[in-house]
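*Asks:* Chains as they are written, first to last, in UniProt numbering: chain A, 1 to 862; chain B, 1 to 427.
One or more of the hints may lead you astray.
[To be verified] Across the chosen pairs, the derived CB separations fall in these ranges:
{"no.": "1", "chain 1": "A", "residue 1": "Thr798", "chain 2": "B", "residue 2": "Asp368", "range": "52 to 62 Å"}
{"no.": "2", "chain 1": "B", "residue 1": "Arg28", "chain 2": "A", "residue 2": "Ile631", "range": "52 to 62 Å"}
{"no.": "3", "chain 1": "B", "residue 1": "Asn248", "chain 2": "A", "residue 2": "Met706", "range": "38 to 48 Å"}
{"no.": "4", "chain 1": "A", "residue 1": "Arg640", "chain 2": "B", "residue 2": "Lys349", "range": "19 to 29 Å"}
{"no.": "5", "chain 1": "B", "residue 1": "Asp380", "chain 2": "A", "residue 2": "Asn476", "range": "21 to 31 Å"}
[To be verified] Covered, in the sense of this in silico footprint (three residues per stretch, anywhere, with C-beta under 8 Å from a C-beta of chain A), are these stretches of chain B:
{"no.": "6", "region": "215-224"}
{"no.": "7", "region": "350-363"}
{"no.": "8", "region": "412-419"}
Just so you know, the hints here were simulated from the structure itself, not pulled from any lab data.
Here a beta-carbon is modelled for each residue, glycine too, at the ideal position from N, C-alpha and C.
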Amino acid sequence: MSRFFRGGDDSSSESSSDEEELYTTSEEEEEQEEQEESSEEEEEEEESSDDEAGPEKKGLSRFLVDQASSESEESDVEGATKVKSAKDKRFDELEATITAIQNGQKINDWGSIANEFDKLNRQVVKLQDGGKAPKSYIKCIAELEDFMNETQAKQKVTPKKMNATMARGFNAVKQRIKKNNKDYQSQIDAFRKDTDAFMESDEEEAPAPKPTKIKFKEVFTQEEPAEEDKKGFAIVDKRGKANPFSPESIQKHLRAIVESRGKKNTDRAEQIKVMEELNKVAETPYLKIRVLQTLVSARFDLGSGTTTSMPLEHWKAAEKELAALLTLLETHKDHVVVEGAEEWEDDDKVPVLGPDDKYIKVPGSVVSYIERLDDELTRSLQSIDPHTSEYIDRLTDEGALYNIILQGLLYYETIRKDASLEVPQESLNRIIQRRLDHVYFKPAQVVKILEENSWKQASSGVDSAITPRALAGDANRLIHTLCSYLFNNSEGIIRARAMLCQIYFLALHDEYYKARDMMLTSHLQENIANFDIATQILYNRTLVQVGLCAFRTGLVYDAQNTLQDICGSGRQKELLAQGVMMQRYSQVTPEQERLEKQRQLPFHMHINLELLECVYLTCSMLLEIPLLAQIGSSPDIKKRVISKTYRRMLEYHERQIFTGPPENTRDHVMQASKALAAGEWKKATQFIHSIKIWELMPSAEEIKAMLAKQIQEEGLRTYLFTYAPFYDTLSIDTLSTMFELDSTKVAAVVSKMISHEELAAALDQVTNTVIFRKGVELSRLQSLALALSDKASALIETNERTLEVRTQGSANAFSRKDGRQGGQRGGGQRGGRGGARTGGNAQRQAGGTQFTGGALGAAVRG
Amino acid sequence: MASAPTANGGSNVAEYDLMLKLVQHLDRHMIFPLLEFNAGQLVDEESGDVKDEAKAREITQAKYALLKKTNMTDYVANLYCELEGLKEPPAEFADKKQKVFSQLQKLEQETSKIIELLERDDVVTMEMVNALYDLGNLQYSCGNYGDASEMLYRFRVLSTDNDKVAYATWGRLACEILTMNWESAMEELQKVRETIDSRLSQNPLAQLEHRTALIHWVLFPLFNFEKAREPILELFFNAGYINTIQANCPWILRYLAVAVITNRGRAKNPGIHQKQMKDIVRIVKQEAYEYQDPVTRFVHALCIDFDFEEAQRQLVLAEEVLRSDFFLLAHADDFVDSARHLIFESYCKIHARISLKDLSARLGLNADAAEKWIVNLIRDTRLDAKIDYKEGTVVMNHPPSSVYQQVIEKTKGGFFRTQVLSAAVAK
């Protein structure tokens, strides 16, 4: 019922409708009571072990509740002589709902609690006098919160899961409580501090529930200073040079700070100062751990905006504190920070090691802190201009971060050893993943230095079981160990990422075949679209790196093929997350743009885009120019295009009327292409060699030599394709001097072309010449006839395939029959060819050498 | 590429010995013939002397280690004596022998009943059936392959336990191979293949391992049984198996290449042979970075680089390798002959005129023999070639395929296929 509607009720026909409501609620209550009773009976056997004081307590409390309700009824009766105000009635309803919630708690029925809780909130809105909620309500929600926390804790311990409805209810309540209780935080605090006093005041207030606005304000302001008081008190004292923070008060301070977290108007800087002071006075390791934890979280809160990064000095301080925390944990082995440990509620005492306990457990998650620290560094690197010295300064912090990651890893390894702590595998995986993220894109030497430095930091006694100290010098094995650990112990995204990181690293270190084989066996190209965007970006990066690796190895064809998807799309920047593309035709909402910006990689991880383009274009040139020459002579051969991007650029270049000397990489490649097409391979080599960017490649000279060789060969091929129609014979020796190739090499190239039926020619061994066959040039009609027959058979094939797809099972029979009969009639020729074709296709799918599909743009754009 | 001089051919051949790689995937009992073969190689043919004492001893040691786990007690005891230089085998062997015998007897008793029952068509229990399996296993382990095979056959008929049936099938395959009963080995092979394809499809790793093992096992029938050749080649070129070879055991490429090349004249369907040849070339090219030996290098040089001289060199090396290979020994001559054909074929395809002298050098024959060889070849393969005796050349004639022919070829089946299609649509 909307509030508006309710308002109408209030003024006009309040009594009847209210009565109605009262009636229904009481009915509901009864129903619930019944339900509860029946379910209680059922539960009693089950739960007797769960709750020690089980039935007795239940009975008693139920009795109490009844009493309470009857009391209120009584008061109602009493009040019946007077005019029963709408407010009173509402109070009754409220009470009833609260009782229902309490009942729900007793039997752990989260489903009904969730319902009642909603109802309660709706009711309480009407009862609020300018924001002040009734005391009983506060009591109820406070208790509910406690109960929720307890259940949550239990849930972690017991392996038994809640059933679905319960879990749903539980989660709903959890979320709502968190949101809701924030609004009443001060009151709840008051309640928690002194339950009796609070409830007493409730007694006083309940009968006269008309605190004026002014009064409320008073209360509110009173309460605010009460909290502030402590702080104010402390600060004054600090000015007075007294020792304001005693170790005993630390926990209270911390609690106050934690509770104010996430609220508006909290002065975080102030709190941080307070905690820094606290850190100085904290004596026992427990307190130190607590203070450090809170302090680090508070620092992270400073940069909680989505765009702004954490201030530098705070990052550094947080890093130091985290390091201190980890060292502390390392030295005091009886203290552990684990997720899901129970909160220590007693502020006055410090937990001590009981006789049965091995550890003092402090709730918290080291891995989350480390992850956050890492993210903050990335974020700040994103926002700094990479060409300034500031960026480099900032980058040096990575070393410190890496130390922390290593320390964290060691910490998790030690606590993992003890099975009783139940540290989830996932935390360890997360931290290893972080470590991997910092090394996979770096050359081996750099990794080595990084590793050695961070091992120096770690105390000499410890060693890691997963990545022993001895591995530090060997980056290859380090990466391999990290990756295979993740591969064996994780699944889903982390596993895929580990694999990609390893492939990336292998490709970076020129292990093309290994990288390629891993890429193929991973089968990632088939399901990469199902992963999140960050992983898709990593996939694209890996793909590009494999392509570059193929190029360095001299495998032009493979390089072009691999790079095609990324570079051919014209959206390299976006796909590699190295810059935002200008969107010309599509509108991007600010939200999308912001997300896009968040995804950007920091500059030091970038793959050089110009180099990438250069490699791609050069490969395309080496493949396309001979192809163009081949199809140039007979324009009706099926037009095969290897790289559309390259073709477009070439066309554009050819349209230019005046071509000046080449300026950028693209110009160089285009002019080289022209020269190559004209058979001037030397000029082409010159153009390619004068591209400056090759210097960025390791062993640039070798690559240039490799390119020169490729250009010679492709030049020869192009020459033969282009000029074959004009010759009868060509001496191999001439060709060999022309292209400065060995004559056996020329013979091999020509043989290959003849064997693949690219060239209608034959070799004459006696005179050492190439004899071109005549009469192979087709007239226009003939070539058209060929094209037509090609198309006709393609059409038949498509039809057959369509039918096969349509009719699935039965089509198999059809095609088999066809194959057999076709074999009888059409002779072996066609059957053989058809067989070869399908075999080839299956092969490629099963284990061919090609990658298909980068994770493409639509997904990346989100 | 290694153009190693043939002087140190011995060490070269050893380098290409696949023994170590093969034995990992073979059964104990199957390794034995390989070891025997190795030992046999060391014995001088004329005098019967053992050339290399240390090596021979090593092999005996290996044999002993190999068979120790089996139940062929007598033989093992002999080996032990040979190794230690004893006259009498120690008592433990006698003990073991006794034990094996008693076990054998026990199992035989247990199973005698079931065999009786079998003859009378009666109800049998699970334990009895399993006893058959155990007996088969033990028989195999003792080296009574024929009996073992029989037992396992009976077991398989009766049992419903899928896992055990699969093991029994493998066991039978081993038995048939070891008794050189190729016909039934082929049947078993087919069964094993079906099991791998169907039952292990959910477990890629196990599938890979089983396929690897199967590929190694079938090397025995492949090179020893003429009729097995086609189906086994077909098996190897199956997508799943060729991937297994590429991923797990690229050294099989040698055997595959030899099998395909020597299969030249025998294949019923030349189309299939051509396709297989194409496939093998492609795979050799793909795997060149991972595995190379003279045979694959020969293929690489001939069909990818078109470097005939290199191919010729590799052929010489390959012949040596073949002669020292257990499986390929019998096929060495065949291979060399087929390889020559292959060289000549591709040579003719590319060249229009070849000097006879040069060609004879290339084929490793003298001028007269080469001429005869070429004439035979031209007659056999109906190449369009003539020998010009005066010039001392072979002249090839490559008629360009006529456009009309091409169009006719392409449109040949069109009408029929369309008819089938329309009939299928109408259905």
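*Asks:* Hints the structure violates: just list their numbers, smallest first.
*Replies:* As far as the earlier hints go, 3, 5 and 6 are violated by this structure, in ascending order.
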